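Following the hints, complete the assembly by docking chain B onto the known chain A.
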Amino acid sequence: MAARIGVVTFPGSLDDRDALRAVRIAGAEPVSLWHADTDLQGVDAVVLPGGFSYGDYLRCGAIAAQARIMREVISAAHAGMPVLGICNGFQVLVESHLLPGGLIRNDHGSFVCRDQRLRVENASTAWTNGFAAGEEFVAPLKNGEGGYIASEETIRELEGEGRVVFRYVDVNPNGSMNDIAGITNARGNVVGLMPHPEHAVEPGFGPDLPSAMRSGVDGLRLFTSAIAALLSV
Amino acid sequence: MIVVEVMPKPELLDPAGKAVTGALARLGHTTFTGVRIGKRFELTVDGPVTDAVLDEVRGLAEDLLANTVIEDVVAIYAAGAEDDFDEFSGVTAGETH
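Protein chains in written order, with numbering that gives the first Met the number 0: chain A, 0 to 232; chain B, 0 to 96.
Isolated chain A (complex conformation) (with noise of 0.2 Å):
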């Protein structure tokens, strides 16, 4: 049976369609998850999607973070659900305090949109096991607050454990804090990240690389890891 891995939409969630079809190319059953449901539908697997859920008032992510069905997707995550956070989800996931530290406007100030070279330092987690530790590849990136920071003792923390699962390679383009684009939670379920790896899924559609336009399709990889992950439990 074919894992199901739920994308939750909020109230300004953009990229939740985009998050259903990388999960159903990737070869798990997509399933739709409403922020007002109360229950998770018997999903495997959680993604909270890009976008700007309730127009980044308050914070980014800060009022989704107290959605209903976060409840569900919190009490899941300790459980050792894996959960991704992309983006907007990414700010959901700190706001919630299921990953640590905060997500700031981009020191340059502006929004950047670009084809984002990362590198992956951790390829143990539930979300990045079909890489190699170390491995490069390139997905979309296009935020505003995107900027990652946290107390020197948090950051230190990350480091000494190797919980940063992406870092950004070449340019940082958003002032974060030790060239950081994604982390983990301890156990390595929960991951949160700014780049979009589900706009990296399909030739023609994703990221340029120098072989040929929009031919990256590595951020199908997070996706695939995680049905990966299912399966080896």
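Think of the hints as simulated: they come from the structure by calculation, not from any bench. Small disclaimer: the values here were computed from a predicted structure and weren't measured. For each residue, glycine too, the CB sits at the ideal point set by N, CA and C. Don't take every hint at face value.
As the list claims (entries may be wrong) - Below, in silico cross-link-like pairs of lysine-lysine (DSBU-like), each with a Cα-Cα straight-line distance of 35 Å or less:
1) A/LYS141 to B/LYS8
2) A/LYS141 to B/LYS17
3) B/LYS38 to A/LYS141
4) B/LYS38 to B/LYS8
Said to hold, decoys possible - Over the 10 Å line for every Cβ pair with chain A, so calculated as not near, a few chain B residues:
5) MET6
6) ALA24
7) ARG39
8) ASP50
9) VAL52
10) GLY58
Using the frame of chain A, we list chain B on its own:
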């Protein structure tokens, strides 16, 4: 009414404030060396602002209104609307930090 004031942590870059600082300089206002931008919340209640209400706001301020990873709650106080200003005397009733 209860006012809650939140500011970005001083050690963090405040890009919005930095943009305004730049605009002031371009306008020739060279007196100002920096601007930081925060938030002011005004919470209204039916009836008086009791200590219990203020306690509730203190909790809310840390849990929801501010993200204490990136922001500080710099003040919480009761403030009267003009009609009932006497009742509260505009006194700060519970500054925090």
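Comparing the hints with the structure gives:
1. A/LYS141 to B/LYS8: Since the Cα atoms of A/LYS141 and B/LYS8 sit roughly 25 Å apart, the hinted pair holds (cutoff 35 Å).
2. A/LYS141 to B/LYS17: Answer holds: A/LYS141 to B/LYS17 is near 22 Å, not above 35 Å.
3. B/LYS38 to A/LYS141: holds, 26 Å
4. B/LYS38 to B/LYS8: Given that 35 Å is the threshold and the Cα spacing comes to 12 Å, the pair holds.
5. MET6: holds, 13 Å
6. ALA24: Holds, since 15 Å exceeds 10 Å.
7. ARG39: Correct as stated: the minimum Cβ-Cβ distance to chain A is 13 Å, above 10 Å.
8. ASP50: Holds, because the least Cβ-Cβ distance between B/ASP50 and chain A comes to about 26 Å, which exceeds 10 Å.
9. VAL52: The claim holds: B/VAL52 sits with its nearest Cβ about 20 Å from chain A, beyond 10 Å.
10. GLY58: holds, 14 Å
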